[in-house]
Amino acid sequence: MSKKVLELFQKELQVVNIGLESFAENLQEEEVEVIQLDWEPPAGGDEELASILDSLMD
Amino acid sequence: MVSIKEANQEAVAIMQKSEPVLVDMGIAGEVLPGMTEKTILHAGPPVEWEDMCGPMRGAVIGALIYEGLADNEEEAVELAGSGEIDFAPCHHYQAVGPMAGVTSASMPVYVVENKEHGNQAFCTVNEGLGKVLRYGAYAEEVIEKLKWIEKTLAPAFKKALDLIESGINIKNMTSQALHMGDECHNRNKAGTALFIREITPYLLKAGVEPQVVSEIVEFMGENEHFYLNISMAACKATMDAAHGIEGSTIITAMARNGVEFGIRISGLGDQWFTGPAQVIDGLFFPGYSTEDANPDIGDSTISETAAIGGFAMAAAPAIVGFVGGTPEDAVKFTKSMYEISVAENETFTIPSMNFRGTATGIDVRKVVETGILPAINTGIAHKDPGVGQVGAGLVDPPKECFEDAIRAFAKEYKG
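In the order they appear, the protein sequences are chains V and D. Using my numbering, read the first sequence as starting at 13 and increasing by one per residue. Using my numbering, read the second sequence as starting at 3 and increasing by one per residue.
Just so you know, these hints were derived from the structure itself, not from any lab. Only a predicted model underlies this, so the values are computations on that prediction, with no experimental measurement involved. Among the hints, a few may not be true.
[Claimed, not checked] The list that follows gives simulated cross-link-like pairs (lysine to aspartate or glutamate, DMTMM-like), each with its CA atoms no further than 25 angstroms apart: (1) Lys117/D - Glu348/D; (2) Lys334/D - Glu45/V; (3) Lys7/D - Glu59/V; (4) Lys334/D - Asp50/V; (5) Lys334/D - Glu37/V; (6) Lys401/D - Glu59/V.
[Stated by the list, open to error] If the Cβ cut is set under 7 angstroms, some of the chain V residues that face chain D in the computed set are: (7) Gly56; (8) Leu61; (9) Leu65; (10) Ser67.
C-beta atoms are modelled at their ideal positions from N, C-alpha and C, and glycine is treated no differently.
Please model the entire structure based on the sequences and the hints provided.
So this is what it looks like as structure tokens:
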């Protein structure tokens, strides 16, 4: 494990969880402060719609 | 291809600058372009007689009797199915109608003019609660009330409006109503009160008989949704002006016919994109349940399209219980609408949110991208003709209509 990673775990964690809320909940249960950011893949992960959206973004 | 961003900014700028003003009362057959004696308009996207839901069929029967084209239910049903009647969406005739939305040639309509853009929009007069045509009732008392609106109320309004040189600015009135606890779709108490306050002196000044003024004021006062039809016409005048902008993905109409929910997109001409109308999640009046509910119906979703109604839910804490939520839910709903819109309204603001402007200009791309559907407040109609309203609540539109719209948009503009 790199030194930086080890240093990270020796400090107080500051976590922003993006997407799946259960990850944040697990940390909260361990009394770790978490900011939850709602995020879902575009069009709920539908590849065809995501590709259309991509072509229509400006 | 044109820039979608710029096209949307143009469409939204038109919405922001629109000045819908009530200028006159007209007769549908005389003022709606293309309307004939055999035209029957209805709410939502196109639907033929055979496919109409109960309340809409009832309203069509009532309209045919009201017009003198049929003497009774049996004759009306025969005529409706004969192919002689042209059924068309109100939206195709610069009009909107709540619930069944049925509009026929002799019916009086509000004439709302968008002073900034010069276009007009129309809506019938709200008949009140109980047994009314918009919920599919067609008993004698229903036809009598429609005749009273035609022969008594509308001519009196016309006289009063003749005296108001600049008309009644509906955009300003709606803005005030939002500051008085209405969201102007499911709650119209303040809007109705403001309208009564505005029109009554002119009814008197116009020399309308005191007894008639008394009847009209009583009629308006008993119906807390009286303002809805006026507000809807104003929203339609606003959204029609924003329709037809090349390259714009802004939604310019959302409407339901009781079978399908449909949307139109500014840059996609007259095409409708539809999905099944949903059953409303809400509170029911005593004695009624989901079993009794007709799927979502009416053109009143022009309110949300024009940045009020569900998009201003936080302005109306008095009805959040009625629509099955809490004040916190109302703020949450209202805030989530910014995720799918491109601007904040410069006129419609919400006091409890530091006078933040309501989310304005729904971008169909954002709806598909985020999966957040427009929040719609609505009344619930009984599935059988003529029973009336059985509750109110929130409804999600079907997501496939938004998905189909972006597919069509990509095909149109990207080949």
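Notebook entry, point to check: Does the nearest C-beta of chain D fall within a distance shorter than 7 angstroms of the C-beta of Leu65/V?
Noted result: holds (5 angstroms)
Check: Holds or violated: Lys7/D with Glu59/V, Cα cutoff 25 angstroms?
Finding: holds (23 angstroms)
Next item on the list: Return the status of the interface hint for Leu61/V: holds when the least beta-carbon distance to chain D is below 7 angstroms, violated otherwise.
Entry: Status holds, d = 6 angstroms.
Item checked: Pair hint outcome, Lys334/D versus Glu45/V [Cα-Cα no greater than 25 angstroms] -> holds (23 angstroms)
Margin query: Lys334/D and Asp50/V were given as a pair; does the straight-line alpha-carbon distance stay at or below 25 angstroms?
Written below: holds (14 angstroms)
Check: Would the stated hint for Gly56/V survive a check requiring a Cβ distance to chain D of less than 7 angstroms?
Finding: Since the shortest Cβ distance to chain D is 5 angstroms, the answer is holds.
Note to self: For a C-alpha distance cap of 25 angstroms, please report whether Lys334/D and Glu37/V respect it.
What the structure shows: Distance of about 21 angstroms is within 25 angstroms: holds.
Next item on the list: Would you mind confirming whether the straight-line C-alpha gap from Lys117/D to Glu348/D stays at or under 25 angstroms?
Entry: holds (17 angstroms)
Notebook entry, point to check: Should the interface hint for Ser67/V be scored as holding, given a Cβ-Cβ cut-off of 7 angstroms against chain D?
Noted result: holds (5 angstroms)
Next item on the list: Would you check the hint for Lys401/D and Glu59/V, treating anything up to 25 angstroms between C-alpha atoms as holding?
Entry: holds (16 angstroms)
When held up to the earlier numbered hints, the structure conflicts with none and fits them all.
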